[in-house]
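Visitor: As you go down the protein sequences, you meet chains A and B in turn.
Okay, so the first sequence: first residue is 1 according to the numbering used here, each after it adds one.
Okay, so the second sequence: first residue is 354 according to the numbering used here, each after it adds one.
Please note that a few of the clues may not be correct.
[What the hints assert, rightly or not] Subject to a maximum C-alpha distance of 20 angstroms in a straight line, what follows is the list of computed SDA-like cross-link-like pairs (lysine to any residue):
(1) K505/B x I486/B
(2) K6/A x T473/B
(3) K5/A x L523/B
(4) K5/A x M449/B
(5) K239/A x M449/B
(6) K239/A x R124/A
(7) K6/A x M449/B
(8) K239/A x E527/B
(9) K180/A x Q137/A
(10) K5/A x E527/B
[Unchecked claim] Derived CB-CB ranges, DEER-like:
(11) E337/A x K505/B: 34 to 42 angstroms
(12) A21/A x Q485/B: 20 to 28 angstroms
(13) P416/B x V300/A: 56 to 64 angstroms
If you are wondering where the hints come from, they were derived from the structure by calculation, not from laboratory data.
Backbone N, C-alpha and C fix where the C-beta goes; we use that ideal spot for every residue, glycine too.
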Amino acid sequence: MNRLKKTTVVDFATYIGVTIAFLLVLGCQKGGLLTNAMNSWLVPICCFIVMSVSLNLVVGISGELSLGHCGFMCVGAFTGIIAGMSLSDVIPVDSVRLLLAILVGAFFAAITGVLVGVPVLRLRGDYLAIVTLAFGQIIKDLINCLLVGYDSKGLHIIFNIGKKTVNDLHLEAGGVAIIKGAQGAVGIRKLASFPAGYLLVMVSLIVVLNLVRSRAGRAIMAIRDNRIAAESVGLSVTKYKLMAFVTSAALAGAAGALYGLNYGSLVSSRFDFNTSILVLVYVVLGGLGNIWGSIIATIVLYVLPEALRQFDAYRMLVYAIVLILVMLATNNEHLKEMLGRILPGRKEADSDG
Amino acid sequence: MAKEFRRGKMVPVPSHSIVPERDVNRLPVLECQHLGIDFGGLTAVDEFNLTIGRTEIAGLIGPNGAGKTTVFNLLTKVYQPTRGTILLNGKDTHSMTTSQVNQNGIARTFQNIRLFSNLTVEENVKVGLHNQIRYPMWDGLLRLPRFWKQEKLAHESALELLSIFGMQDLASHEAGSLPYGAQRRLEIVRALATNPSLLLLDEPAAGMNPSETADLMENIVRIRDTFQIAVMLIEHDMNLVMNICEGICVLNFGRIIAKGTPEDIQANPAVIEAYLGKQKEA
Numbered sequence: 001m002n003r004l005k006k007t008t009v010v011d012f013a014t015y016i017g018v019t020i021a022f023l024l025v026l027g028c029q030k031g032g033l034l035t036n037a038m039n040s041w042l043v044p045i046c047c048f049i050v051m052s053v054s055l056n057l058v059v060g061i062s063g064e065l066s067l068g069h070c071g072f073m074c075v076g077a078f079t080g081i082i083a084g085m086s087l088s089d090v091i092p093v094d095s096v097r098l099l100l101a102i103l104v105g106a107f108f109a110a111i112t113g114v115l116v117g118v119p120v121l122r123l124r125g126d127y128l129a130i131v132t133l134a135f136g137q138i139i140k141d142l143i144n145c146l147l148v149g150y151d152s153k154g155l156h157i158i159f160n161i162g163k164k165t166v167n168d169l170h171l172e173a174g175g176v177a178i179i180k181g182a183q184g185a186v187g188i189r190k191l192a193s194f195p196a197g198y199l200l201v202m203v204s205l206i207v208v209l210n211l212v213r214s215r216a217g218r219a220i221m222a223i224r225d226n227r228i229a230a231e232s233v234g235l236s237v238t239k240y241k242l243m244a245f246v247t248s249a250a251l252a253g254a255a256g257a258l259y260g261l262n263y264g265s266l267v268s269s270r271f272d273f274n275t276s277i278l279v280l281v282y283v284v285l286g287g288l289g290n291i292w293g294s295i296i297a298t299i300v301l302y303v304l305p306e307a308l309r310q311f312d313a314y315r316m317l318v319y320a321i322v323l324i325l326v327m328l329a330t331n332n333e334h335l336k337e338m339l340g341r342i343l344p345g346r347k348e349a350d351s352d353g
Numbered sequence: 354m355a356k357e358f359r360r361g362k363m364v365p366v367p368s369h370s371i372v373p374e375r376d377v378n379r380l381p382v383l384e385c386q387h388l389g390i391d392f393g394g395l396t397a398v399d400e401f402n403l404t405i406g407r408t409e410i411a412g413l414i415g416p417n418g419a420g421k422t423t424v425f426n427l428l429t430k431v432y433q434p435t436r437g438t439i440l441l442n443g444k445d446t447h448s449m450t451t452s453q454v455n456q457n458g459i460a461r462t463f464q465n466i467r468l469f470s471n472l473t474v475e476e477n478v479k480v481g482l483h484n485q486i487r488y489p490m491w492d493g494l495l496r497l498p499r500f501w502k503q504e505k506l507a508h509e510s511a512l513e514l515l516s517i518f519g520m521q522d523l524a525s526h527e528a529g530s531l532p533y534g535a536q537r538r539l540e541i542v543r544a545l546a547t548n549p550s551l552l553l554l555d556e557p558a559a560g561m562n563p564s565e566t567a568d569l570m571e572n573i574v575r576i577r578d579t580f581q582i583a584v585m586l587i588e589h590d591m592n593l594v595m596n597i598c599e600g601i602c603v604l605n606f607g608r609i610i611a612k613g614t615p616e617d618i619q620a621n622p623a624v625i626e627a628y629l630g631k632q633k634e635a
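Just chain B, same shape as in the assembly:
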């Protein structure tokens, strides 16, 4: 049964975007200005302008091949943008690597699951905790007291994070042997372990049945509420997008064709055209 989620009222900000009213006086978690990338002669993304509020759940939708995953890859610096700037928590990410972007607050999941499949579920989360719970290599080699202390801490934190999705019992299973849905959830837990301020989810509901999707929606909202972070998701399941996303951005052929609240988007003729084609002149 579809549940109603309370979505914040959206207000416009100077950068031609909208953010939830509660975030309007706070530094936006992400600001993209004139972002674009060319692959050879092909412009994959162009003039991508978007502002995401501190605790917003934002949606990025569009037909296949519109450039949604490319945007994620630009934000996480898997690709270096050809044009434009990305401000992450007010910091320009121009000179950062993928791993530095993560340390500065963006964590992501992947469309085609990328787990550390030979490690256990718990170890996968511990790898996510890598930069949160640290000790030097020597402490590990010589098993000094700090090693035991920090490993204990990592173990406890990992189990606590896994409990978000009730996955503590799977902790010692090999990640590659988990069922598909659990692998998707583990990817989210691993991303959360890196203590992000913005969580990027690439088709989190892909391959899930309606009841799993309903659980997922609740969990995404709960994660946002507990960790007070922003979430941006790519998704084809319109039920999920329209129910939990506060601001939606529609991409087609690498350009934004519409931005707004779910209600705005559903009524937007350009979006309808992109998805369903042009209506025949009667």
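Just chain A, with the same shape it has in the complex:
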């Protein structure tokens, strides 16, 4: 029981750390210390923390390389927007509607996760990466063809193959078009807020950390470490891989819904391959399987390119150089040794290995 208690303490330290950070930032915001630009980062940072924590569940904990994580975010974002906007008459309270939109986003992303996961998780390594990459692209392009509107009769959804336009939805007078094909979602009422982002981060942390410390999490990690041995002790490989994949997809969908409801308009190309890779970079740089690392890497790497705006055209170049330097530094033996001296826990772990 000792070990479980130790990890529980670590988990609670994580929760408390995140809460303190939230309160500090909230204090700064209320005190007017944040610029408008900084204020606009807060919700996206929360969304991307959820994204990297959930991707870490697939890449770090379950050991499968997924390059299409933003596909789930995309599904969550657009289903969330549809729910958030079309229910505005039924549920007037913004926070309740946001919660509902997030749940809807998570639900549809989870269903997509099952549909993608069942065939795809038979593949391993590079092949899985390629298929998930393709999935991310396909989802983005499918949503590009979607026309959605609502009126008093309910939702109208058509699929734009050929030359259909919003007029083909045949909305009644007073009906609102939510998603206009390639123009994306427009006229979104901004429901997202920083406290909501914080709560979502907390929920995803609790889900991922509690899953990892439970019977199911052990099974997932056992399958990652040795698939054949895991089967030989009676684990169903498909079941647990799918569990990790779908949980991760649902969290990404929730993050997507929050992200979508943070802007006035949203196009699906926002969730392209580059964004998926960006999230993967957060996870890899933070350390595979390291939840704390994911959070910090996300914050630093989200803020960095924004802060580098003064370099203008050279911005991404500087960003890349910084990434390479961080990679080199974290692999440096001398630096590791120095960290070992500062952090007693790390030193112990090193001498074990």
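Position chain B against the provided structure of chain A, taking the given hints into account.
Guide: Frame of chain A, contents of chain B only:
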């Protein structure tokens, strides 16, 4: 110092095998009938017939490449047999997966160690207990009382199992960092955690020194006595095989060339030929 182990008297059963006298009236734990597998045009195992009694310690020996590990892989359904049937506790395993075979009573270790090397020793055993101590995913996510109760139970059972080999003190070590011998023992503990009726050990004494091997022999017999299970082992250490195995099956080129007690096997000319080559005609 080599210790004498009491081995049961072996008696023949209708399926052209021998089982210990004490198990003769009980359902055999394993019955293989005409088992065989082809890899493309190559017949790796053919006409493998074997019956193992409920509490028997059985040995599977043979020269390198004889197909011993292939037999283990067939029994655990890592490979699907091309021919024949496997009856596990009287149940046909034809449609079972590897994981279902384990749930129905076969646990195994591997020739090249396969531990969950990034998990701790205790967690490795807990993964073995996966199907014994259960709770739904939701209880774990929400940390409901059942989670704490079952985790406590798993922790206690894991330590108890580790104590078979006196490994409780290593519980919080990472499995991959253990010395070689301890890793082999941990694999056995993990296999035992799945509550098997038949334990398959693939070269358990490989890389062990004579005193470790002597300990291992005692432990295998003790495990059989405590858990009342059958053990089948592949081993090249003839001292171990001849001392603790009750029935021995010799495999060469995928076929059984001899079955019997250690005494029978040692005197069998076909076995001697397989191991040492044909004697020159004088």
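Visitor: Does each hint hold? Answer for all of them.
Guide: Verification of the supplied hints:
1. At roughly 10 angstroms between alpha-carbon atoms, K505/B and I486/B fall within 20 angstroms of each other, so this suggested pair holds.
2. Simply put, K6/A and T473/B have alpha-carbon atoms about 14 angstroms apart, close enough for the 20 angstroms limit, and the pair holds.
3. At most 20 angstroms may separate the alpha-carbon atoms for a hinted pair to count; K5/A and L523/B meet this at roughly 18 angstroms.
4. The hinted pair formed by K5/A and M449/B fails the criterion: a straight-line CA distance of about 38 angstroms is larger than 20 angstroms.
5. Annotation: proposed proximity of K239/A to M449/B holds, straight-line Cα distance about 16 angstroms (limit 20 angstroms).
6. A C-alpha spacing of about 15 angstroms is found between K239/A and R124/A, which places the hinted pair at or below 20 angstroms, so the restraint holds.
7. Pair hint K6/A plus M449/B does not hold up; C-alpha atoms about 39 angstroms apart against a cutoff of 20 angstroms.
8. A hinted pair counts as satisfied when its Cα atoms are at most 20 angstroms apart, and K239/A with E527/B does not qualify at roughly 26 angstroms.
9. Taken as a hint, the K180/A and Q137/A pair is honoured in the structure, with Cα atoms around 19 angstroms apart against an allowance of 20 angstroms.
10. With a C-alpha separation of about 17 angstroms, the suggested pair K5/A and E527/B falls inside the 20 angstroms cut-off, and the hint holds.
11. Taken as a hint, the range 34 to 42 angstroms holds for the pair E337/A and K505/B, whose Cβ atoms sit roughly 39 angstroms apart.
12. Checking the proposed 20 to 28 angstroms range against A21/A and Q485/B shows it is violated: the Cβ atoms sit about 41 angstroms from each other.
13. In this structure the hint that P416/B and V300/A lie 56 to 64 angstroms apart at CB holds, the actual value being about 60 angstroms.
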